[in-house]
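Residues per chain are reported as follows:
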Amino acid sequence: MSDHQHIKLPEGSIGKTTTTLNLGPTHPATHGVFQNIMELDGERIVKTEPTVGYIHRAFEKIAERRPLYQITTLTDRLNYCSSPINNMGWHLTCEKLLGVKTPKRVDYLRVIIMELARISDHLICNSIVGVDTGAYTGFLYVMQYRELIYEIYEEVCGSRLTTNMGRIGGFERNFSDAAFQKLERFLREYPKVQKELENLFTRNRIFMDRTRGTGAISAERALNYSFTGPNLRAAGVDYDVRVHSPYSSYEDFDFIIPVGTTGDNYDRFQVRNEEIWQSLSIIRQAYEKVQSFKGTEAEVYHADAPEYYLPEKKDVYTKMEALIYHFKIVMGETEIPVGEVYNSVEGGNGELGFYLVSDGGRTPFRLHFRRPCFIYYQAYPEIVKGSMLSDAIITLSSLNLIAGEMDG
Amino acid sequence: MTNDFIKEKLKGKFGDLLTEWSEPYGMLTVTVPREMNLKVLNFLYDEPELAFRFLTDLTGAHYPDRVGEELSVIYHLHNLTENTRMRVKLFAPVAQPDVYTATGLFSGANWMERETYDFFGVNFLGHPDLRRVLNVDEMDYFPLRKEFPLEDQSRIDKDDEMFGR
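Chains as they are written, first to last, in my numbering: chain A, 1 to 408; chain B, 409 to 573.
One thing to keep in mind: the hints can contain errors.
[To be verified] Have a look at the derived ranges for each label pair, beta carbon to beta carbon:
no.: 1; chain 1: B; residue 1: R474; chain 2: A; residue 2: I7; range: 55 to 61 angstroms
no.: 2; chain 1: A; residue 1: L323; chain 2: B; residue 2: P551; range: 36 to 42 angstroms
no.: 3; chain 1: A; residue 1: R188; chain 2: B; residue 2: K417; range: 50 to 56 angstroms
no.: 4; chain 1: A; residue 1: L323; chain 2: B; residue 2: A503; range: 48 to 54 angstroms
no.: 5; chain 1: A; residue 1: R362; chain 2: B; residue 2: G534; range: 38 to 44 angstroms
no.: 6; chain 1: B; residue 1: V544; chain 2: A; residue 2: T296; range: 28 to 34 angstroms
[What the hints assert, rightly or not] DSBU-like mimics (lysine-lysine), calculated; alpha carbons at most 35 angstroms apart, straight line:
no.: 7; chain 1: B; residue 1: K554; chain 2: B; residue 2: K419
no.: 8; chain 1: B; residue 1: K554; chain 2: A; residue 2: K328
no.: 9; chain 1: B; residue 1: K554; chain 2: A; residue 2: K61
no.: 10; chain 1: A; residue 1: K289; chain 2: A; residue 2: K104
no.: 11; chain 1: B; residue 1: K415; chain 2: A; residue 2: K101
no.: 12; chain 1: A; residue 1: K101; chain 2: A; residue 2: K294
no.: 13; chain 1: A; residue 1: K104; chain 2: A; residue 2: K182
no.: 14; chain 1: A; residue 1: K61; chain 2: A; residue 2: K16
no.: 15; chain 1: A; residue 1: K96; chain 2: B; residue 2: K417
no.: 16; chain 1: A; residue 1: K385; chain 2: A; residue 2: K104
no.: 17; chain 1: B; residue 1: K554; chain 2: A; residue 2: K96
no.: 18; chain 1: B; residue 1: K497; chain 2: A; residue 2: K96
no.: 19; chain 1: A; residue 1: K182; chain 2: A; residue 2: K289
no.: 20; chain 1: A; residue 1: K294; chain 2: A; residue 2: K192
no.: 21; chain 1: B; residue 1: K447; chain 2: A; residue 2: K61
no.: 22; chain 1: B; residue 1: K447; chain 2: A; residue 2: K96
no.: 23; chain 1: B; residue 1: K447; chain 2: A; residue 2: K385
no.: 24; chain 1: A; residue 1: K61; chain 2: A; residue 2: K289
no.: 25; chain 1: B; residue 1: K554; chain 2: A; residue 2: K101
no.: 26; chain 1: A; residue 1: K61; chain 2: B; residue 2: K415
no.: 27; chain 1: A; residue 1: K61; chain 2: B; residue 2: K497
no.: 28; chain 1: B; residue 1: K419; chain 2: A; residue 2: K47
no.: 29; chain 1: B; residue 1: K497; chain 2: A; residue 2: K101
no.: 30; chain 1: A; residue 1: K313; chain 2: A; residue 2: K294
no.: 31; chain 1: B; residue 1: K421; chain 2: A; residue 2: K96
no.: 32; chain 1: B; residue 1: K417; chain 2: A; residue 2: K294
no.: 33; chain 1: A; residue 1: K96; chain 2: B; residue 2: K415
no.: 34; chain 1: A; residue 1: K294; chain 2: A; residue 2: K314
no.: 35; chain 1: B; residue 1: K419; chain 2: B; residue 2: K497
no.: 36; chain 1: B; residue 1: K497; chain 2: B; residue 2: K554
No wet-lab data here; the hints were simulated from the structure. Every residue gets a Cβ at the ideal spot worked out from N, C-alpha and C, and that includes glycine.
Extracted from the complex, chain A is given alone in its bound form:
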């Protein structure tokens, strides 16, 4: 045997007592393109280093060359589990900048759509937590009702996942009767399904053992990490943009903000469940308000903002003003007023903010999306440090990380 060592090992690898594990970027349990390089001691995580940006699409740069209405399609692709919220958030930001006042009926219709989107976002997240703890049934079961929500989107705007819903000032058309019928069906049937989903998990011994006490973050740390949304509320801070800075007439609705105490996976699950119930209640209230509009008021589905709201096609062919505005809007030749505006909405994952700077040109000078996922994912190494690898997987899904939103 020769004295030479033929295989060259990296420095320090002989005495190393931990294992390096590459989790992702296409691991099935990471629900998207997330990569974590973990340092493991047995099954415990000593250190993890997340790599992000696998699906970065430079939306902020692209937006600098697009007229306002074309940016809606970019917002779809942020949090694609609840794209209508992103669309509405963008429209609300533009309306704030342009000073467009929307009619009440538009606000209520938007609330219905946004709360439906929140339900679909939360039910995916919660049932995925179920999948990661070993219960696939719930996930498959609620998919039927996500499908129903998507059918409602389809009735309203024609598409399902990347909705591109609405315009600056309102919706592209009035809600059809079929949309309301489907909404009624959803309100009638979904509570039972949600109850069953909760029956399956809430007091399930295995589920509780897997989720309680794992993936916890204190309220103080969560605030310092700029957490928002259900993840912050699970830690016990009742911050909700819908209540703190109401938009789209949320002040007209009666609902509570559920909060947790420990900020662990179980609390996040419970907070999302309760938010689904609250959303159902908001939708019922909004639907009642929408139904209370009679006569011509019941036909209102957009604000009077001819410079930004694309006119109806039949008007384009018959009226001169409509033709001019149609041309100017489609060609992106409408000048945006100079201004600097920050507007936020309560997205599925937290405060979704839009920081829009306009220098008076036809496109934004600078547009920044405050993407809640990106901001709270940086706390992941701290949250999972010292926990088991299998708990880290549940934490990843219960934080509800959406790669599209994170990478922007």
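Based on the hints, put chain B in the right spot on chain A.
Okay, now just chain B, sitting in the frame of chain A:
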């Protein structure tokens, strides 16, 4: 808490060092000298009557027309108990964009500053891990700066019969 109250407080502490006061769409906005950013953020954080302890957003912008102070860093702060928001800005020269990091105050500033570095090249002094976050590590430019325009839609050098540009 009113914007005037915050303004008085800040003026009482820092005097004329803070400039460009404005209130676009109701949000108090102020520009601080770039070497003073931590002092102002600390004051806003610690002062019990102000208590801006939540960093909503941190981002950058590039203004090529502001010669000598082209790059901007924008902080959106939130006092959650009083529910008041405000915006703090600073400007730094693109030739040497050194700005003190806010990571000591807000853990959440870590990736937001990395993102700002990634896209604008703002050099956050004292940042624990200032690397690119969304773009590839090999990238040698800062893509959101204005000297990198997207393709001009009106260019005529392309021969495209179908879409006739």
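Going down the list of hints, with the structure as the test:
no.: 1; hint: R474(B) to I7(A): 55 to 61 angstroms; result: 57 angstroms, holds
no.: 2; hint: L323(A) to P551(B): 36 to 42 angstroms; result: 39 angstroms, holds
no.: 3; hint: R188(A) to K417(B): 50 to 56 angstroms; result: 54 angstroms, holds
no.: 4; hint: L323(A) to A503(B): 48 to 54 angstroms; result: 50 angstroms, holds
no.: 5; hint: R362(A) to G534(B): 38 to 44 angstroms; result: 40 angstroms, holds
no.: 6; hint: V544(B) to T296(A): 28 to 34 angstroms; result: 56 angstroms, violated
no.: 7; hint: K554(B) to K419(B); result: 33 angstroms, holds
no.: 8; hint: K554(B) to K328(A); result: 26 angstroms, holds
no.: 9; hint: K554(B) to K61(A); result: 10 angstroms, holds
no.: 10; hint: K289(A) to K104(A); result: 9 angstroms, holds
no.: 11; hint: K415(B) to K101(A); result: 30 angstroms, holds
no.: 12; hint: K101(A) to K294(A); result: 21 angstroms, holds
no.: 13; hint: K104(A) to K182(A); result: 22 angstroms, holds
no.: 14; hint: K61(A) to K16(A); result: 44 angstroms, violated
no.: 15; hint: K96(A) to K417(B); result: 28 angstroms, holds
no.: 16; hint: K385(A) to K104(A); result: 48 angstroms, violated
no.: 17; hint: K554(B) to K96(A); result: 26 angstroms, holds
no.: 18; hint: K497(B) to K96(A); result: 21 angstroms, holds
no.: 19; hint: K182(A) to K289(A); result: 17 angstroms, holds
no.: 20; hint: K294(A) to K192(A); result: 32 angstroms, holds
no.: 21; hint: K447(B) to K61(A); result: 32 angstroms, holds
no.: 22; hint: K447(B) to K96(A); result: 32 angstroms, holds
no.: 23; hint: K447(B) to K385(A); result: 32 angstroms, holds
no.: 24; hint: K61(A) to K289(A); result: 40 angstroms, violated
no.: 25; hint: K554(B) to K101(A); result: 33 angstroms, holds
no.: 26; hint: K61(A) to K415(B); result: 34 angstroms, holds
no.: 27; hint: K61(A) to K497(B); result: 21 angstroms, holds
no.: 28; hint: K419(B) to K47(A); result: 45 angstroms, violated
no.: 29; hint: K497(B) to K101(A); result: 29 angstroms, holds
no.: 30; hint: K313(A) to K294(A); result: 25 angstroms, holds
no.: 31; hint: K421(B) to K96(A); result: 33 angstroms, holds
no.: 32; hint: K417(B) to K294(A); result: 51 angstroms, violated
no.: 33; hint: K96(A) to K415(B); result: 24 angstroms, holds
no.: 34; hint: K294(A) to K314(A); result: 25 angstroms, holds
no.: 35; hint: K419(B) to K497(B); result: 16 angstroms, holds
no.: 36; hint: K497(B) to K554(B); result: 19 angstroms, holds
In this structure, the hints that do not hold are numbers 6, 14, 16, 24, 28 and 32, in rising order.
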